[in-house]
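Chains as they are written, first to last, in the numbering used here: chain F, 1 to 336; chain P, 337 to 871.
By construction, these hints were calculated from the structure, which means they are not laboratory data.
Predicted model, so just to flag it, every value in this text is computed and none were measured.
Any given hint could turn out to be false.
[Claimed, not checked] These stretches of chain P come out as covered by chain F in the derived footprint (C-beta under 8 Å, 3 or more residues):
no., stretch
1, 687 to 700
2, 712 to 723
[Claimed, not checked] Here are the computed distance ranges between Cβ atoms for each label pair:
no., chain 1, residue 1, chain 2, residue 2, range
3, P, S860, F, P5, 48 to 56 Å
4, F, G28, P, H387, 54 to 62 Å
5, F, E301, P, A793, 29 to 37 Å
6, F, S87, P, S710, 44 to 52 Å
We treat Cβ as the ideally placed atom computed from N, Cα and C, and that holds for glycine.
Read off the chains here:
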Amino acid sequence: MSQAPLTVAVLGAGNWGTALADLAARAGHSVRLWMRNPAQAEEIETKRTNAKAIPGYVVHERIRATTSLELAVRGADLVTVVIPTQSMRQVARGLGEVLAPEQPVLHATKGLEIDTLRRVSEILREETCARQIGVISGPNIAAEIAQGRPAGTLVASPFPRLVALGRRAFSSSRFRVFGGDDVLGVELAGALKNVVALAAGMATQMELGENAKALLITRGSAEIAGIARAMGARASTFAGLAGIGDLLVTCASPLSRNHRAGAALARGMTLEQAVASLGQVAEGVHTAKAARVLAARHGVEAPLLDRVHRVLYGGLAPADALKQLMRLPAGREVAG
Amino acid sequence: MLANVDPRVLARATVTRVVEQTNLGSGPAGLDARDLLRETFYAERRRLESHPDAGEQAFFARARRDLERAGDAEARALLREVVSRYVDDLAGHFDRKVHALATRVVPRALGIMFGGAEGALTGGLGLEAFGERLVISGEVEALRRVAAVGPVLLAGTHASYLDPIVAAWALHRLGLPPFATAAARPLFEHPLIGPFVRRLGSYSVDESRTGAPLYREALKAYATLVLEHGGGDLVFPGGVRTASGALERRPKLGLLGTALPALRALALRGGAPARVFVVPCTISWPLVLEAETRVERWLEVALGARHVPRGDEFATTRRWLAFGRGLVSADLRVHVVIGRPLDPFGDDVDDEGSSRDPRGRRLDATRYLLDGGSLTVDPARDAEYTRMLAARVTASWRAGVAPLSTHLLAYAVFERLHREGRARDWARFLTDVAPDARVDLATIEADVMRLLDEVRALAGAGALRAPIDDEAKLAVARALKTFATYHPRPVLVREDGRLRVGDPALLAYYRNRLDGFGLLGAPSRVDLGAGEVLS
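Just need the whole structure built from these sequences, with the hints factored in.
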């Protein structure tokens, strides 16, 4: 593979899209950053800021902003999609109008489509001609990465060429990009971890201590892995960056939306109040439903994920949920 | 189409292709000639232990010695020699007059099958009589249309050595030119059917040889070249005939994967838009000639049961005749369902043969092979594309399953025994429970009625085909009559308002055809081991 700079399209100029665009630009590639909002594109092109996404960040000179999907995508060596899950299908449909069959598509979106429980790679398959599809996921807080602090991530795809492209596009001395092929496992880990983050937020608010939080994270991870394995994912994925790595950072960060939503619930707020106080819906509020359906569909027991669901939708108080969980019979730790 | 291709040209091109693809150093495909030769010799040695042949043994012993002393030029010559030998083996039975004869050959072969050998050989049965034995449905018009635009790889389900003959007859009935056909070696050697198969344009696939890498390469190159020369190719990607009776779920990628390089070669040639089509095809047999030996194989390999040899029906003329007579006397039909045409990547294609993305937009499928602006070979990428194709072929096969009365009755009886706790796991079901098991006929008829309702609902959603015998009593009666015509131990026997299980292994075999559709609330049971509880 020649080492000439790549043309990388990044669709979505939120904080993670902007951070990925910055990584690619700093690695010497030219980046086309697509967003729907013309005012935001104008701000990037003229002031070189993207204040709403990452305050204080100066947009790299190799990043060009556009509101035209066609201009962003046509001829790009790699298309990276960083769009909120619930808008994914609509953007993917537009992408399908301009994408060429040979263009590889990497997505960096964690979540499942609410009504269909489709994973993002499935939505991309359904809405476009893309075949070389992959996912990039890991413990990646966008603000830290935009500040140039060290981090690592995983690019997974059954297409080795796409993994190589993803590594080439985003790797640097401060960003380690590992490769894998378990797209299903990575996508489920990224989506379902948000439910555990809600629980972690509750635990923090309830001042249960670090032991309890570690208990919760580890068991939460085991439950997610159990569901994913029943669906065909590999267990080892959950020991990696996109699994336990991402879960750790999500549960450790008190500023994450899911964490704050969990804390609000533990303070006695209803779901509606918690959502109102945040000003936006935390992803875990959706994925708690998905987790419950998937666990039932595949005959997997997931008591922790189930209790989070009941706190959100069944009127169960977080303190009672905790009591119930602590009273469950504890069997062998690792099943299978 | 293939009628214009001299098989000897095809054979020579195949040898050249395999030799070209195989470099002495580590080539782009990662294939090293010496390694391939060594692995091939090892596989042949193992094979010849169970299939002794003095001539073959002498050849490979000599070749093995030569390789140890060979310089690069000698190794290359040896490679060509071994590949040529394989290509002769594959295509050597190809009769040049093949296609002119095909219209007469196929019906006569079918006559033997369905009329009994004596009948056909003496001209006892007219063409129409056995023509009626085949029911062809599904995307017939789409197949005709794409076949006019480009070569077709017809991918059939595989239960019986007779499948290639049935599929060839179906193509003939549809007015399509004959396809090259990957037919198993025993079919060529069969005393009754062999002469016809050789003239069908078949190339022989020796299942015992597929462990040898150079044999596999030769087979794939030959099949690819058939398509490149514009010929249709009929393959069975399941590899071996189903042993459990269930539809194949994990097709092998080898022969399915020939559509992609053929498309690439045609695209590199330029000119008209390159097109190669893959058309899935489901063949449903009310009775399977080799059911007994196949299910024994399943019991032995998958379930670890003790092997009880029952003899080989295929080699036994008496069984063959009984089978043909059974089909005729019970007025049975073989159902061939043609699936929607796909491109080599598993995309749908439209009436003009253009590929469509999942949203129905036209796309140029050859672009999937572009990298840095040129059409490339990328084994990992191409294998992944072929896996995507295989997934669509498998789904299409499922949708094409015709639920025949024998499958419905076997399914209902098995699930009834399971519900009554008499089929807790395969091992106990097969050895202890089923041989003497009796079920109430009226109960089973009610179960079949329910099953028919569920099948109709699934068929309405396109998940499988509508039932042929649409009424429960009729379906049960037909199934009992069918079972009684051929198998020495009838699968089920009617005894005073009850049904007795006569052959539990065959009951499982015919039941398994409908496995995995969720019928009667049952999960898939085929992949469970002998002692695992049938939940």
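Against the structure, test the hints numbered earlier, and report the numbers of the ones violated in rising order. Those not satisfied come down to hint 6.
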